[in-house]
Amino acid sequence: MEKETKRNVSLTGDIKFTGLRLKEPMQTSAGFLGVKEALRHTFKEMGIVRSMRGLLEMNQEEGFRCPSCAWPVPQHPSKIAEYCENGAKALADEATRENVGSDFFAEHSVEELSRLSDFELNKLGRVVEPMVLKPYSIHYEPITWQDAFELISDELHQLKDPNEAIFYTSGRSSNEAAYLYGMFARAFGTNNMPDCSNMCHESSGVALSETLGIGKGSVKLDDLYGAEVIMVVGQNPGTNHPRMLSALEKCKKNGGKIISINPLAETGLANFKNPQSVSDMLGNGQPIADIHLPVKINEDIALAKLILKKLVALDAKNSNVLDHEFIVEYVDGYDDLLKDLERYDVESLQRRSGVYMRKIDKVAELLAEKSKIVVCWAMGITQHKNAVDCIKEYVNILLLKGAVGKPFAGTCPVRGHSNVQGDRSVGIMHYVSKTLNENIQKHLNFDPPTEKGYDTVEAIKAMHDKKAKVFVCLGGNFLMAASDTQYTAEAIQNCDLTVQISTKLNRSHLVTGTTALLLPTFGRSEKDEKNGELQFLTMESSTGKVRQSKGLLKPASEYIKSEPEIIALLAHTYFRGNHSMNWYELGQDYNLIRKLIDKTVKGFENTSEQSKGFGYYLPNNVRNRDFRMLPNGMAQLSITPLPDHQLRADELLLMTIRSHDQFNTTIYGLNDRYRGIHNERRVVFMNKEDMAEKGLTQLDTVNLHSNYDGIQRTAEKFLVVTYDIPKGNMAAYFPETNMLVPHNQFADKSQTPISKSIKVTLEKILRA
Numbered sequence: 023m024e025k026e027t028k029r030n031v032s033l034t035g036d037i038k039f040t041g042l043r044l045k046e047p048m049q050t051s052a053g054f055l056g057v058k059e060a061l062r063h064t065f066k067e068m069g070i071v072r073s074m075r076g077l078l079e080m081n082q083e084e085g086f087r088c089p090s091c092a093w094p095v096p097q098h099p100s101k102i103a104e105y106c107e108n109g110a111k112a113l114a115d116e117a118t119r120e121n122v123g124s125d126f127f128a129e130h131s132v133e134e135l136s137r138l139s140d141f142e143l144n145k146l147g148r149v150v151e152p153m154v155l156k157p158y159s160i161h162y163e164p165i166t167w168q169d170a171f172e173l174i175s176d177e178l179h180q181l182k183d184p185n186e187a188i189f190y191t192s193g194r195s196s197n198e199a200a201y202l203y204g205m206f207a208r209a210f211g212t213n214n215m216p217d218c219s220n221m222c223h224e225s226s227g228v229a230l231s232e233t234l235g236i237g238k239g240s241v242k243l244d245d246l247y248g249a250e251v252i253m254v255v256g257q258n259p260g261t262n263h264p265r266m267l268s269a270l271e272k273c274k275k276n277g278g279k280i281i282s283i284n285p286l287a288e289t290g291l292a293n294f295k296n297p298q299s300v301s302d303m304l305g306n307g308q309p310i311a312d313i314h315l316p317v318k319i320n321e322d323i324a325l326a327k328l329i330l331k332k333l334v335a336l337d338a339k340n341s342n343v344l345d346h347e348f349i350v351e352y353v354d355g356y357d358d359l360l361k362d363l364e365r366y367d368v369e370s371l372q373r374r375s376g377v378y379m380r381k382i383d384k385v386a387e388l389l390a391e392k393s394k395i396v397v398c399w400a401m402g403i404t405q406h407k408n409a410v411d412c413i414k415e416y417v418n419i420l421l422l423k424g425a426v427g428k429p430f431a432g433t434c435p436v437r438g439h440s441n442v443q444g445d446r447s448v449g450i451m452h453y454v455s456k457t458l459n460e461n462i463q464k465h466l467n468f469d470p471p472t473e474k475g476y477d478t479v480e481a482i483k484a485m486h487d488k489k490a491k492v493f494v495c496l497g498g499n500f501l502m503a504a505s506d507t508q509y510t511a512e513a514i515q516n517c518d519l520t521v522q523i524s525t526k527l528n529r530s531h532l533v534t535g536t537t538a539l540l541l542p543t544f545g546r547s548e549k550d551e552k553n554g555e556l557q558f559l560t561m562e563s564s565t566g567k568v569r570q571s572k573g574l575l576k577p578a579s580e581y582i583k584s585e586p587e588i589i590a591l592l593a594h595t596y597f598r599g600n601h602s603m604n605w606y607e608l609g610q611d612y613n614l615i616r617k618l619i620d621k622t623v624k625g626f627e628n629t630s631e632q633s634k635g636f637g638y639y640l641p642n643n644v645r646n647r648d649f650r651m652l653p654n655g656m657a658q659l660s661i662t663p664l665p666d667h668q669l670r671a672d673e674l675l676l677m678t679i680r681s682h683d684q685f686n687t688t689i690y691g692l693n694d695r696y697r698g699i700h701n702e703r704r705v706v707f708m709n710k711e712d713m714a715e716k717g718l719t720q721l722d723t724v725n726l727h728s729n730y731d732g733i734q735r736t737a738e739k740f741l742v743v744t745y746d747i748p749k750g751n752m753a754a755y756f757p758e759t760n761m762l763v764p765h766n767q768f769a770d771k772s773q774t775p776i777s778k779s780i781k782v783t784l785e786k787i788l789r790a
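Numbering (the working numbering), first residue to last: 23 to 790.
Just so you know, the hints here were simulated from the structure itself, not pulled from any lab data. Ideal Cβ placement from N, Cα and C applies to all residues, glycine included. One thing to keep in mind: the hints can contain errors.
[Unchecked claim] The calculated lysine to any residue pairs, modelled on SDA-like cross-linking and capped at a C-alpha distance of 25 angstroms, are: (1) LYS407 <-> PHE141; (2) LYS781 <-> GLY691; (3) LYS572 <-> HIS98; (4) LYS567 <-> GLU232; (5) LYS182 <-> LYS634; (6) LYS552 <-> GLU172; (7) LYS621 <-> GLY635; (8) LYS272 <-> GLU232; (9) LYS331 <-> GLY376; (10) LYS101 <-> VAL57; (11) LYS474 <-> LYS101; (12) LYS488 <-> GLN734; (13) LYS716 <-> GLY732; (14) LYS483 <-> GLN515; (15) LYS786 <-> GLN734; (16) LYS483 <-> TYR730; (17) LYS279 <-> ASP383; (18) LYS634 <-> LYS716.
[As the list claims (entries may be wrong)] Derived CB-CB ranges, DEER-like: (19) ASN701 <-> PHE54: 18 to 24 angstroms; (20) ASN646 <-> ASP469: 29 to 35 angstroms; (21) GLN720 <-> LEU669: 22 to 28 angstroms.
Make a model of the complete structure from these sequences and hints.
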């Protein structure tokens, strides 16, 4: 049954199947087919000449950073193809020749547009002029930029408390835009700065801060090349971070071993044909994962504890297995950890993990012999109730092996969007940094707020409770990225004003507050010229390197503005030019923004110069084995309990996943060819034994239900597909299944939604 909201808009689009074609899952990733698909998408959206110009400059020294994932660029990139298939799709998506303006919105209401799928909405193209959706209207209308800024300013001035406004940030924003945005929120008077980190890697930040003293990974890209073992945990790099496969391939060629830990065996880690290598392309490719451990959903702690127990047992026979010298000098909690491990027996841990003991023994024996170990992970372990503990347990393995703070070893949380890590570095945070606040007072000459703001979960609740009235989004598709779609929609619609700074149309522009603004902005690849000077932006990669990004393509419209300029002009309008910061000038010259970043943000120095070429690394205490900020001045081992899902007999655990034709909530196409899915997204992957027990056969239609706190949430009409996934587990694509995730079910400490371990039941729909 279709869900509807205030303006009679749909949260799902018209639910319909699109013609599923099943094939065998692929055994090799990338290769000629990957190149073909990349070029097909770009040529179709951008044309041949524009495509080749963009592709040849993406991730190059004088070019622009890929608008897709945050995987770092190597020191010596390929001159012709330092991008992957999904990076090419991301470029094609933002640089498309299709666009929508005032004539389009006059013809199509938000109610009509909401009937389209997320894929269909995205295909409409770039928004090319500022638009307003007035109260009681169902059609967007054009508005001048100045009138838009005045409208926002008036609404902000009318608020009784600055905390009635919320400023959300997507990971696509540059350091310059994020910095200005964060400073405007603080100058306005609030720390309500939720961001997309709250929904993905916040668990990593919490776990790493508490164990190692910094909320980022410790490795550089070159560390992966020389690692003896890389553990890839809860991650599908072949789809989500395809350029990472090149680093894994280099590790393999240097003699390293790759361990994959994930409920699904993903194609990218089975075999890889590197498009940058002629021999790979013409040959059989490179097998990537030496060992795959198909752990059950959210049983990583059981698996990691079992590996730790086996390492401790091997160390008792040969004291060289654990790095005792490192442990004594740098690590706190060793004796307590050993006592905790004694509480668990090997057999019960193995049963919980669902992994054969011989495979676990193989991993333990490999780790016992090696000390240059890197652990990489993504949302497969960050989006559980116990996500922080999951990460801490893997950090335990690294600490016992002395595998941090030295070359070719350490932590590598693989961030999703291209600058989500940079946003946090330059001040997008809902909590208070005393050091940053002191620097703001000293160098920017205003007093920032000193009370904690809302994170994403808290922001949604505040809007739902009508405690927040103005909601501004710097990029993203907030409605579809957040959990509990119905609840989130109701929250957004309770606002007096919602503002979306975006490149393309998405569902968050259709489910709005009483008044809504849609403000079009530049894509990463577009040339940004002001007063005759070509501007550049900076981003931070997953490994903490800051580098420039300089667009080169003609902008989609003369009526769009860059993110820094939009924020600067809004602030200039709000303060009427009466503020310690010269907002107008900052929006015209990004070097001025970077000078303020250098003065106020820890680790940034001479950024305009140092970010040239392939940039510079920000400081990282773990690389220097400096743990002075932690208890006893030492890295912390952690005692973690096993999860207790309390599943009913009829419940299974569902994990949300991406298809190969999407990036985050942006849907490029309807195929997931690595998993054998073509022309359909409404599928649920199931173990054949679970299907038999529930009386289901291939391609049966089911509704998915989650039941928390007495509330049933439903995602309608999914086709059942047999897949190699652990018994008791299922997988389905997001955002279609985000509505099953309750808004009040999230990770302890980090408040990240439990999107990777949702308790669900199935309802079979009988064919007519």
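Violations among the numbered hints: Per hint list: 1, 2, 5, 8, 11, 18 violated.
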